[in-house]
Each structure stands twice: as C-alpha cells, then as structure tokens.
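2 protein chains.
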Amino acid sequence: MIRVGIAAYGIVPFSKEDKKIENLLMDSVAELFVKNPEIDKRDIDGVMVSTNSNSKYLGPIVAEMSGIQPKASVSIENLCSSGTNAIVSAYSYIASGLADMVLVTGAERFDSPGRVLDWDDSRGEFKQPVFWASLFTKSYKNQFSISEEDLAVVSVKNHKQAKNNPNALSGRIFSVKDVLSSKQVTEDLRLLDCSRLCTGSASVILASKDVMENFSTEPIWITGIGQKTTSAGFTKNNSFYSIKSAKDASNTALKMAKKDVTDIDAVELHDAFSVCEPMALESMGFSKNGKSIKLIKELHQTDNFKVNPRGGLMGAGHPLGATGIAQTIEIVQQLQERSGARQIDDVKAGLVHNMSAAATSSTVLVLEK
Amino acid sequence: MIRVGIAAYGIVPFSKEDKKIENLLMDSVAELFVKNPEIDKRDIDGVMVSTNSNSKYLGPIVAEMSGIQPKASVSIENLCSSGTNAIVSAYSYIASGLADMVLVTGAERFDSPGRVLDWDDSRGEFKQPVFWASLFTKSYKNQFSISEEDLAVVSVKNHKQAKNNPNALSGRIFSVKDVLSSKQVTEDLRLLDCSRLCTGSASVILASKDVMENFSTEPIWITGIGQKTTSAGFTKNNSFYSIKSAKDASNTALKMAKKDVTDIDAVELHDAFSVCEPMALESMGFSKNGKSIKLIKELHQTDNFKVNPRGGLMGAGHPLGATGIAQTIEIVQQLQERSGARQIDDVKAGLVHNMSAAATSSTVLVLEK
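One line per chain: the protein sequences are Y and R, in this order. Quick note, the first sequence lines up with residues 1 to 369 if you use my numbering. Quick note, the second sequence lines up with residues 1 to 369 if you use my numbering.
Worth flagging that the hints you see were computed from the coordinates, not collected in a lab. All of these numbers come straight from a predicted model, not from anything done at the bench. Treat the hints with care, since some could be wrong.
Stated by the list, open to error - Chain Y stretches covered by chain R per the calculated footprint, using a threshold of three residues with CB under 8 Å from any CB of chain R:
1. 96-108
2. 111-117
3. 169-179
4. 211-218
5. 224-233
6. 301-314
7. 354-362
Glycine residues also receive a C-beta, built at the ideal position from the N, C-alpha and C atoms.
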C-alpha cells in the first residue's frame, strides 16, 4: 500500500463575504501556493473540489485558474462532510496508484444550497437543522440528566478557543450566562448553541510518500480512514443521544491506524450544535455515555485545547464544503506544532470527525507525524 | 495492487421523462438488484452517485432507498464525464483497500443544469455546446478537406446502431440525405449532427477480485484508467481538430493495461456531435489524423459495430451523469457476448472514452475479460 500524507495547506479567514464560488476556492489555493513555493504545479495530477455549490465543472475551473493540467478533476459533494470525503477520495487516488499528488480544495458561500436537506420529509415541515438538533438535545438531556447550563459550556469553550484562531468567524468570548440568555431558537436550543453557516475556503495537497520526500515541511500521514452512512433521513437514526455513524467510522479509522482512542492527543469533531460535541465524544469512545460534559468542563477549566482547538464549527464558523478540510488543517498544524496560542502539548496523533445531515453519515480521519 | 472488476449492471431505457432525480437513480439500481439476486446488499460498502443535478446528499439517499448502509457515500460531478469519473473513484476506493464493493449509479434529467457551462466566458455570448461543436466542425473540415456529407455518415451509422439497442432514445434510421436536410442549427451543424440531452439512468457494481470470485457472472476487469484535464475554457484547447485530453487519457489507460490501440475490439467514445467521433478516433490512435472518416464509412458499410455499438450519444441519447456508466455497461455486455443484434465478434478488450465541456477533459477506461 502506498503511504499518503498531507504535504501542504492553505486557509483564509472565514467570513460572511458575498463572493463567487470559483474565486472563493482560489483564495485558499492561492494561499497554499504562496506558502509552499517548492511545489511544482506540473507535478499535481489531481484536483478535487469539495462544495455544495450548484456551479458545475469546478475541478477543471480551479485547475485552469491555478495553472494546473491534472489527470483527474472532479467535484465531490456529501453535504457538511464534503471536505473529508474529498480528502478520502484524493487519498484513494494516491493509495491506488492513479495519482501521486492531489490538490483538494473546498469552499462554500454563506447562502449555500446545502444548508437544508429538502428531500428529508421525515423532518415533517421542519427541514432546518435546528429541528433535528433540538430533538437530539432534548433526548440527550433527558437520557443523562444533563442541564442547559451543562451544554452551554461547549459553546463557551469553543468560542474561547476560536479567539485564538485567526481564521475563525467568531472573535468573541461568551459566558454560560451569555449562552443561556441568547435568543431561544427552539424549546431546547439557544442561538449560541448553534454553529453559523458562513463563507470560507480551505485547501490541502495530498501526496505519496515518494513525493513527500522531496519537500522540506514535516510530513503528516493519513494513517486511518473510517466512514459510515446509516441513512439519509433523520428519523432513521437508531438513537437520538448517540451517533452510530461516528462510532462505526471512528472504530474503522482507529483500527486501520492501529491506534486506541486513548492514543489521540487532539480532536476536531463536528459540533454543529452544542449537543453534538458530547454525543460525538461519547460515540467515538473518548468518554463513557453521558459523562463527557465532565470531560468538556475539565478541558475548559484547565485551558486544555484538546477538543476542537480551532474553536470547532461553533467558534470557527461552518462553511460546509470547507469545514472538513479546515478541521484537517487544524490537526496538521497541531502535529507540526504550528498552532500558536492554541497549541496542544506533545501531539503525536490527531483525529478528525466530520458528519452530515443529522449525523446520518460520518467520516473520521486519523493523522500522525 | 487489488484487481477491480465490474460485477453487475443495471440500465433502463433513455427517455424524455419528467421524473425526480432520486427516483431516476433508483430505476437502474432496482434493475441491477433484480437482475443480480446473488448480491447481498450488506456487502456493499460504497455508494457513488454521478449526476449534474443540484439535489444534495444523493449518495446516502440512494443508499437508504436501496436498503444499503455503506461506509462511503458521495456525489461526483464533472459535467458530461461524471459517470466515468464516478467509476474511477469507485475503482480507487477498492484498489486502495478502503472498500470491497461499490455501487456506482448515474442519472440525469433532460433539463439538467449541466447542459451549459455558464462559467466559460471564452465562449462569448454563445454558451451552448453547439458553439464549440461548430468551431470544431469547421476546423476539422478545413484541416482535412472533409465534407458535410462525410461527417453525416457518423450520425447515420450511430442511429442505425442505436436501432439495435433497446435502451436507446432514438429508434429511427436516417440516410445521409436526411442528415443534410435536417434543421440547420449553425453554419456547420445540422440537428442530426447533435446528440440529444435526455433522461436516463445506469448503474454498475465494482468489486475486488476476492469479492468477484463469489459471483457466477463472468467478471470484466478494469485494466486501464487514463484521465486528462487540459483546461475548463473552450478556447484554451490547443487544437480545434484534435483532442489532446483524449490522446493523453487513452495513452495513459492503454499503458496501464499494457495494450496497444490495435488490441481494442470495441470502443464507446464521446460523440456529442458528429465531428467528435473522427476527432476522438484519431486522437486516441485508431486512425491517422484526417483518415478516420474512411474507417467510419467502412465500418458502416460492413455493419461492423466496433465504434459506438450502442449508438453512441447521438443514437442512444445523452443523459449526462448516466452516459459514462451506460458506455461502460455497453463494453461489459460486448465482452460478455450479451449484446444481441449489436454484438461485435470476438471482443477481448474494449475501451470507453467519456469527455466534458468542449473536450477540455477526458476519461478513458480499458476493460478486459
């Protein structure tokens, strides 16, 4: 099997900017090439675009705009987890020998057509994600006797961590009281329990071990990949207080990497809403069921950035097609000790969890030095 | 390297039907499972959807509607060559060891948003494909002293061949005179020189060699894959009477398969317009430049179905996301001697050429028994 690593990355600040998708994609692609002048564009034999935009043929468009003439060029969509799915696709092209070096670029506009899944009639008249997030929240709180105050700590922690991320949408710090007094969106959700859709762009280059050896930057390897799709419709979830797709995907990824969850030093997980963080932590085995609020509070009190160091989706913002790539870049930076004020000590292995549509599918990556 | 083959296929008649994309995808998926009862859906660990539809999350939706709970599920778009790109993606998942069996399903509606590439301002005010096809036609005719009558034979041959394909959109036979008296669309194009966008659906299952051994059907192997993206914008083509993307992609695919072009017994190529057939044949080395009209006429006169046996895009219709998959199914059927009245004698190796956006990108597959 050909070993695959992340050779370079480019990311720009998330915003509410109104900009064409092609130009957005190019923002982080351009940043990547400026920061990595040793990469010869003639060596790039794949361009994979992650987005929910309705624009077509974005792979070849990004290739042309970047001055690349690759073999493969495609767009990949899987709602909120398009980013990690594009990374997995690039990995498979390289690991199978079809390509040696692939540019993966993801971007989204704040008004993405991926923000609501119209198909899912199981949500009744309520197709916005706040609907399923409310049911998850109510269910999780009831099952484990968790209070609104407990869950508010997720938002407080992630906004605090985002304050140390120069690319985050949010630059503000909130208290538990701020979260609890923010606008009530549904019976179980406050505005500050929700991540915000935004405009963003993030890019990485994946390369085979042979190609990686030509670069001066420290290689970060993708050692584990796990994916699981349980359904598309929300009500087909078999539990509303745990995430089967995250459990299965992380088991597969950790097994492939020959790692235990206790070996993971940094985690980027898909906190689309406050409740998603404890649910994902528990489903992936970082804590027993119903016990992760304790872990989250401890991390927060000790300023330990282990979980969602860049601020997660809640603090950094959620530009769908860019999110999984931005999460991956964060773990790469943590492994390379380039995370500045949000650096976690002694990171040897990190994990990315990216999911879609009411947790009906998850992708998990394990990254190592 | 894990060997990858095509284990099963499903296809339904192309039409002008007005139907939801989810249901269209399911048409050929259902056909596939009805025809292949020995396939256990629990063994399918990937679902890849090929379409230009703006609907999101179609991978998980098809999975749920089919009763599959795969690992990976994504949508893949690259305009008219989305189908072969999805097949290549599935191949890479299996060859890299991430999956053992992947369902690839492609569908399109007649009114697909992929029918015009709005981004390509290099086409001036003329964004419809007839624009670039006209320039290709004028250029090819001038370069090689080819007449309108000569090119009309492509349409006559492919409609004749489609008459033997029960899934083809066209059921009519035309003479050279019919083509030349059909509506003049541009100075260089008649209506019968153009393939027609339509509604269609086609599915295949790819599997690893180990999985293939469990099935009773004759395995067909994907032995060569080649892809090339030269640009996205039409005017960046370096020639208007040959196709660099097809040349590069077929060279790569044939090299990977350790085959010469003379070893290929059946070809499905991307005849979006009459002129595309000789251009693709010449660029891929089936004939010297400017000489393939002679070959096409010979094939037509001798009722040899070697090139575009199912009738090509011109005869079968062009449902963008389904086209590359339908082309691949045709070669599988030819290799398995299941093509009925359109069967080519003694097919040992076949080639699929699928392209996008004024030939700016091509994907080529080599298939063998």
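Margin query: Output the indices of the hints that this structure fails to meet, ascending.
Written below: 3, 4, 6
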